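Asks: Below, each chain spelled out in residue letters.
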Amino acid sequence: MSMQKYIKDFPILKRKVNGKKLVYLDSAATSQKPFQVIKVITDFYTNHNANIHRALHTLSEEATIAYEQAREKVAAFINAESTEEIIFVRNTTEALNFASFGLRDIVKKDDKILTTTMEHHSNLIPWQQLAKMKKAKLDFVDFDKNGYLDMKMLDRKINDAKIVAVTQASNVLGTINPIKKIAEKTKQSGSIIVVDGAQSVPHMPVDVQELQIDMLAFSGHKMLGPTGIGVLYARKELLEKMQPVLFGSDMIKRVSLTYAEWNDLPYKFEYGTSHIAGAIGLGAAIDYLTQIGMNKVRQHDIELTRYALNKVGKIATIYGPKKAEDRSGLIAFNLTNIHPHDIAAVLNQDGIAIRSGHHCAMPLHEKLKISASARASFYLYNTKSEIDLLVKSLEKINKIFS
Amino acid sequence: MSMQKYIKDFPILKRKVNGKKLVYLDSAATSQKPFQVIKVITDFYTNHNANIHRALHTLSEEATIAYEQAREKVAAFINAESTEEIIFVRNTTEALNFASFGLRDIVKKDDKILTTTMEHHSNLIPWQQLAKMKKAKLDFVDFDKNGYLDMKMLDRKINDAKIVAVTQASNVLGTINPIKKIAEKTKQSGSIIVVDGAQSVPHMPVDVQELQIDMLAFSGHKMLGPTGIGVLYARKELLEKMQPVLFGSDMIKRVSLTYAEWNDLPYKFEYGTSHIAGAIGLGAAIDYLTQIGMNKVRQHDIELTRYALNKVGKIATIYGPKKAEDRSGLIAFNLTNIHPHDIAAVLNQDGIAIRSGHHCAMPLHEKLKISASARASFYLYNTKSEIDLLVKSLEKINKIFS
Amino acid sequence: MREEIYTELIMEHYKRPRNFGKISKPDTIYSDANPLCGDEIKVYVKFSGKKINEIKFTGHGCAISQASASMITEFVKGKNFEFVKNLSKDDVLKLLGIELSPMRLKCALLPLKAVKMAVYSHLSKDQK
Amino acid sequence: MREEIYTELIMEHYKRPRNFGKISKPDTIYSDANPLCGDEIKVYVKFSGKKINEIKFTGHGCAISQASASMITEFVKGKNFEFVKNLSKDDVLKLLGIELSPMRLKCALLPLKAVKMAVYSHLSKDQK
Ligand SMILES: Cc1ncc(COP(=O)(O)O)c(C=O)c1O
Ligand SMILES: Cc1ncc(COP(=O)(O)O)c(C=O)c1O
Chain Y
0 MSMQKYIKDF PILKRKVNGK KLVYLDSAAT SQKPFQVIKV ITDFYTNHNA
50 NIHRALHTLS EEATIAYEQA REKVAAFINA ESTEEIIFVR NTTEALNFAS
100 FGLRDIVKKD DKILTTTMEH HSNLIPWQQL AKMKKAKLDF VDFDKNGYLD
150 MKMLDRKIND AKIVAVTQAS NVLGTINPIK KIAEKTKQSG SIIVVDGAQS
200 VPHMPVDVQE LQIDMLAFSG HKMLGPTGIG VLYARKELLE KMQPVLFGSD
250 MIKRVSLTYA EWNDLPYKFE YGTSHIAGAI GLGAAIDYLT QIGMNKVRQH
300 DIELTRYALN KVGKIATIYG PKKAEDRSGL IAFNLTNIHP HDIAAVLNQD
350 GIAIRSGHHC AMPLHEKLKI SASARASFYL YNTKSEIDLL VKSLEKINKI
400 FS
Chain X
0 MSMQKYIKDF PILKRKVNGK KLVYLDSAAT SQKPFQVIKV ITDFYTNHNA
50 NIHRALHTLS EEATIAYEQA REKVAAFINA ESTEEIIFVR NTTEALNFAS
100 FGLRDIVKKD DKILTTTMEH HSNLIPWQQL AKMKKAKLDF VDFDKNGYLD
150 MKMLDRKIND AKIVAVTQAS NVLGTINPIK KIAEKTKQSG SIIVVDGAQS
200 VPHMPVDVQE LQIDMLAFSG HKMLGPTGIG VLYARKELLE KMQPVLFGSD
250 MIKRVSLTYA EWNDLPYKFE YGTSHIAGAI GLGAAIDYLT QIGMNKVRQH
300 DIELTRYALN KVGKIATIYG PKKAEDRSGL IAFNLTNIHP HDIAAVLNQD
350 GIAIRSGHHC AMPLHEKLKI SASARASFYL YNTKSEIDLL VKSLEKINKI
400 FS
Chain H
33 MREEIYTELI MEHYKRPRNF GKISKPDTIY SDANPLCGDE IKVYVKFSGK
83 KINEIKFTGH GCAISQASAS MITEFVKGKN FEFVKNLSKD DVLKLLGIEL
133 SPMRLKCALL PLKAVKMAVY SHLSKDQK
Chain B
33 MREEIYTELI MEHYKRPRNF GKISKPDTIY SDANPLCGDE IKVYVKFSGK
83 KINEIKFTGH GCAISQASAS MITEFVKGKN FEFVKNLSKD DVLKLLGIEL
133 SPMRLKCALL PLKAVKMAVY SHLSKDQK
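Those protein sequences? They're chains Y, X, H and B, same order as listed. Numbering follows this note's numbering, in which position 293 of the first sequence is assigned residue number 292; successive positions increment by one, without gaps. Numbering follows this note's numbering, in which position 156 of the second sequence is assigned residue number 155; successive positions increment by one, without gaps. Throughout, this note's numbering is defined as the position within the third sequence, counted from one, plus 32. Throughout, this note's numbering is defined as the position within the fourth sequence, counted from one, plus 32.
Quick caveat, the hints were computed from the structure, so don't treat them as lab data. Predicted, not measured: the structure shown is a model, and the values here were computed from it. Certain hints may be false.
What the hints assert, rightly or not - To give an idea of the chain B side of the interface with chain X (calculated C-beta under 7 angstroms), a few residues:
1. F79
2. G91
3. H92
4. A95
Unchecked claim - Between beta-carbon pairs, the in silico distance windows are:
5. B:L125 to Y:Q35: 52 to 60 angstroms
6. Y:S188 to B:S63: 54 to 62 angstroms
7. X:N78 to Y:M132: 36 to 44 angstroms
8. Y:A75 to X:E209: 46 to 54 angstroms
9. Y:K108 to X:E183: 57 to 65 angstroms
10. X:S1 to Y:K383: 53 to 61 angstroms
11. Y:A75 to B:D122: 23 to 31 angstroms
12. Y:M132 to B:E44: 20 to 28 angstroms
13. X:E209 to Y:Q35: 43 to 51 angstroms
14. B:L125 to Y:A75: 21 to 29 angstroms
15. H:D123 to Y:K20: 35 to 43 angstroms
16. B:S63 to X:E394: 46 to 54 angstroms
Heads up, the beta-carbon is just placed ideally off N, CA and C, and yes, glycines get one too.
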């Protein structure tokens, strides 16, 4: 496969786990990092470390330039119109919180916030809280038995929605939602579309202008970048209307004892010392992904998913769409009468890392009438032969527990 | 000096800036990192990287253990009673926001929040905002002409305060405030004391139980640790009463579409994927500092500050207390009729990194009737001969601008 | 090798758990969950004096948590408050006869936590 | 070597800034600040038709920002809207005769930003 040559860039993949070569199938939780990203972080701390935006000395200048270049890389990666629209945050969860609470002056009593039953908790709880705070209504679009969003229900419910919060790719069903279609509907109804891009931005080309996305949230750690850094994208016009949620130093222009004036965009939303090394590391991750090409990354995901749907599908129940083209690079599944924890534990004996549990999507699991599932997720460094190893191990587990 | 042997641990200090050996006197903005810390971060990404708390596989276990060990190190470092009292956050600013908005159910209309006029914006704006939100009163304790907190004014104002928010060490005046005394007063009046430890925790022994501190905020990046990680300490009893400010995955126990139940401490306050590498790096920084001994770190600061007060004091106006023992390791100063920016710019020509501006303390600068100041700040890797270089450069600047 | 956590003993208890089910009119019920994995347990207890007369559990979870619930409920039946209070992590591991990683330990200890809380909550009702 | 930013020309303007002070009854006033360093500037303008008749500034800042304010105000006096609108970063650097790091550039450009905003705000008043 054409991705083979990139595997050597990921030092952790040489590791042994329980005497076996590591097979890492948990990239939807967090991705591994190529040495190119690790090196940039090390280099920052070793040669350029300083606080940014605040001092005139050379180190501070170098750090500031590197930090702002990372912002430019992010803007280019999702085709934002301007770097002012890129807010560095901790992770997707924080981005979605800033989106929801940032809109608190816009949402009024009885306004409707529309989301779906396939959301990660991070795209649910902030809206629950905002609805509670503003006495607004929270409504949900369901998914059908094949794991697709019920677009008829969406059509019925979208017209009087003020905000539509939806994930681009489900972290359990794998479903890729038709964001452009939904965004067009929000343009007609005048609502704001907030997209959880945690599972999509790392895995496929995402163009916010082409998709007409108002706000987009994603995490660096899921796209080859370091932990502690994420992004909130929002259209400038929206950001200007939004209120900061947390308050502090860099986000301020003038302060007196009783008064504070917010800084210009994007700094209005960045408080205190930023995760400078994190942003720079994310920039390096974007360089790496861009050099491969996001279309190729997507293609590889589809190939692996198709293979997995076929092979794992023979012995396990897999949730979500049947067509690999409609899915992101993961499968959540169950073996009959075996708890996902036990699957994960035995797989780990064979050096295979997957996740088990509710994957922070309890309502989705309730809808599926299961308490947990096992999930194998892929990225550019995974191969078909690793899926073969997964299948072999799953067969063994079926034997142990039969 | 006895700290000499640690200098070689900081690779960046070998750097040249404008052809001169780097003299880094901006540690109050952010500290440099020893290779021991950089190595731990690199090692994490190279060998153990995984998401925590969520999976049963070996990498995830290793990452979780390392992350929770870092929490133990932090707890031990400030002598917290339990790891449940240690919340990992982005930085001091975020910690202070979580402190203030976390108390939103406790603060009522007309309640008094007491702070001081020497605070960093990060310990001012969150309280301004909370006061605005709850229609509470915000009152201030002044500092006297020597830069000491006016304890008489504090005595007059503290009795009916609900919250007292005060910095342990001023990032401009250098003043170390008598936290234990103030904390005892809050115990008498039944108020909550929130301490900004951004400039103290990295530089001196801080024992939250001995000082009777209710809440303490500090940043990893100012204490040899990585960017993007900080700590909010709060007594367990308080944390239990406090509300989370941001919402998402790990902080949740059970969720339905309309309801969410918070997780146990400390996870109730940690949302989404944590800055895992950051926490682990902070743990390594704490190991490094502990091995040297915080008393020795403090002693070194005092020696350098005494030397600087004496030498720089001969040609510049230095703000704050005259006694090095009452100050943290920094001096903010001005040369007659020369803008601090110009000082910083010319110093940079000689490889000397200092900061100029209002240091995120506009009200303090207004009180001093200056718009900006220059600040040189020290840490364990600085030496007296570096201060000599600073003085020589300052003399040159006086000549250029005379 | 940790594969050995799936011993015959564990698998036997997992496949045929003792005390699985409800008690009608229990003196106390306590539910708990492991938020990270979705394991849930509900413990029903009937006392006679200070002794646990009857104990049952419902819920779902992995082999470790189910086997642990089965063994612990078996172990505490007929014992008194003091006995339950003093049960430790090590007692559970001894019952299970295996070693566990920190993450898996949570699975094994959830039933113990639930049993203890059930007993404590009864105790505190009594003292009121 | 960047030390050369403190050229004779810059120092001369810094020490004896042109157009420093206020205009009584200006047509427009505009204030701006560089939040990161505390530099502040206030620009006063009097127009005759589309031309800048008189321009002054107050405020405080470093040598670069003060020299820049001095030179820019000198440069635009007597010029029309169009001329001011077309002024760029490069024009300022040419006036100053130095190269600047990104951080220092902000100091140099604050006066230009303020002068432009002053002119624009007068323009928009006119059109109402
Ligand atoms: C006294 C004080 N408080 C708060 C802060 C804010 O720290 P951070 O930027 O890490 O949030 C600083 C540092 O700039 C400080 O010196
Ligand atoms: C769809 C989705 N949304 C949000 C998140 C939360 O991401 P983070 O933990 O980085 O905030 C995740 C990842 O766990 C996810 O899969």
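Asks: Next step is simple, just say for each hint if it's right about the structure.
Replies: Hints and how they fare:
no., hint, result
1, F79, "violated (30 angstroms)"
2, G91, "violated (9 angstroms)"
3, H92, "holds (6 angstroms)"
4, A95, "holds (5 angstroms)"
5, B:L125 to Y:Q35: 52 to 60 angstroms, "violated (36 angstroms)"
6, Y:S188 to B:S63: 54 to 62 angstroms, "violated (41 angstroms)"
7, X:N78 to Y:M132: 36 to 44 angstroms, "holds (37 angstroms)"
8, Y:A75 to X:E209: 46 to 54 angstroms, "holds (52 angstroms)"
9, Y:K108 to X:E183: 57 to 65 angstroms, "violated (46 angstroms)"
10, X:S1 to Y:K383: 53 to 61 angstroms, "holds (60 angstroms)"
11, Y:A75 to B:D122: 23 to 31 angstroms, "holds (25 angstroms)"
12, Y:M132 to B:E44: 20 to 28 angstroms, "violated (59 angstroms)"
13, X:E209 to Y:Q35: 43 to 51 angstroms, "holds (47 angstroms)"
14, B:L125 to Y:A75: 21 to 29 angstroms, "holds (27 angstroms)"
15, H:D123 to Y:K20: 35 to 43 angstroms, "holds (38 angstroms)"
16, B:S63 to X:E394: 46 to 54 angstroms, "violated (36 angstroms)"
Comparing the model with each earlier hint shows violations of hints 1, 2, 5, 6, 9, 12, 16; every other hint is respected.
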